Amino acid sequence: MQTIWKRLTCALLAVGVALASGAALAQPVPRRFTIAVIPDTQNYADFTHQRAASFPFDARDLMTEQLQFIADQAASRGGDIVFATAVGDVWQHPVLAIDPDHAARGFRPRPMSGGDNLVKMAEGVRTVEIPAAIAAYDLIDGVLPFSVVSGNHDYDGQWWDEQWPQDLTAPAGDLRRLGMIHIGGLTAWNQAFGADTKFFKDRPWYVASHDGGADSAQVFEAGGYRFLHIGLQMAPSDASLTWAETVIHAHPGLPTLITTHDFIDKTGKRRAHPVVDLHALDPYDNDAQGVWDKLIARNPQIFMVLSGHHNGQAFRTDLNRQGGAVYQLLSDYQDRNQTGRDAGLTPDRAPGIGDGWMRLMAFDMTGETPTVRVRAYSTHYRQYASDQPEYAQRYKPNEQPQMSDADFVASDDFVIRLEDFRARFGPGAAGGSAGQ
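The sequence shown runs contiguously to residue 436 in the numbering used here.
Hints are computed from structural coordinates only; laboratory data are not their basis. Treat each hint with caution, since some may be false.
Simulated crosslink set (DSBU-like; lysine-lysine; CA at most 35 Å straight-line) [as the list claims (entries may be wrong)]:
#1 Lys294 x Lys198
#2 Lys269 x Lys396
#3 Lys266 x Lys294
#4 Lys396 x Lys266
#5 Lys269 x Lys294
#6 Lys201 x Lys120
#7 Lys294 x Lys201
#8 Lys120 x Lys198
#9 Lys120 x Lys266
Since we're looking at a predicted model, the values are computed, not measured.
Modelling step: build the complete structure from the supplied sequences, incorporating the hints.
See the structure below:
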């Protein structure tokens, strides 16, 4: 008996010494975690949507609220958000009539209408829009890994191209009557969110970049798995897609997510917006189907694609060439204007702002079949879509008028069953710590 007590006493002393010296016992891996998807924030940052421009409130505050929510709910601060990805269109206006590279290739902007003032817009971008975006992302800097990709509004130049004339024979209201918008130049973007900025330079989780950081890759750990995320610039070139494939090959076996600005529209189809069809303007730029054919379908590690650009929400699943499921989600709430109406603007004068809505994807890796609960949450109203009684009434007519109210709410609160995830990526780590 004395021998048993002696051994027990020694064991307890050993544990006490280990704890006193700062050694920690291995903790089980948390099997539940959340990825935050930040939709187009261009209308929050827009310099014309601030009090200084006689708007009834500072719309940028809603963007700040979103990023503060992510910071507060980050795993490093006791929450469960392990990664955040923004789908592009961070700010609103261009700073150039056309970028030098496209001008040298023969592209020409159609003259602006008399009411457009590029000098004023460029000043607003440099003094209000970009600083507001940087200030918002400062809130999650150093808190969790994250990605930001460029949308068409983030390019130095965004112009109506005169090589694609207005189709005045199209019916009234048809967007083809406007012609076609082209984009180019990422100097301002790379200065704000490029590979050498304070957000990403020397971060261990920022593992690769291309084109100055317009394309980038991050890794993060959660739920017993190590994930790879690749952010692609809008309408990525073949060079971007080749780079992305080399990054995937350099991280074999990792479940991989892709974020790019334009992928599926609100009907769930992989097709461009009628006036922002960059592939139609310039074959150098790949459209969504090109990205699917050249990158996603041929790389079995990719299991999810996230995008914005098209006003609304959509979800579709397709099988890649090896038969693996690829889940594709559109999340774009930029045209929601209830906050403007709350501030006293009439419905016809309340511009799209976004109302604080974002996507939260809650992964549950505890069961034999992992699941993802996808929900829309407003950091302004502090409500999930399914908890707001007016949700369908407020937003369905402009986004999915063909849906029933119940189906519309369900499009922002549903569960994805990752049926083949274990078969593709293994059972996951049984121990250790997950997080940043």
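Each hint, compared with the structure:
no.: 1; hint: Lys294 x Lys198; result: 32 Å, holds
no.: 2; hint: Lys269 x Lys396; result: 19 Å, holds
no.: 3; hint: Lys266 x Lys294; result: 23 Å, holds
no.: 4; hint: Lys396 x Lys266; result: 12 Å, holds
no.: 5; hint: Lys269 x Lys294; result: 17 Å, holds
no.: 6; hint: Lys201 x Lys120; result: 32 Å, holds
no.: 7; hint: Lys294 x Lys201; result: 29 Å, holds
no.: 8; hint: Lys120 x Lys198; result: 28 Å, holds
no.: 9; hint: Lys120 x Lys266; result: 33 Å, holds
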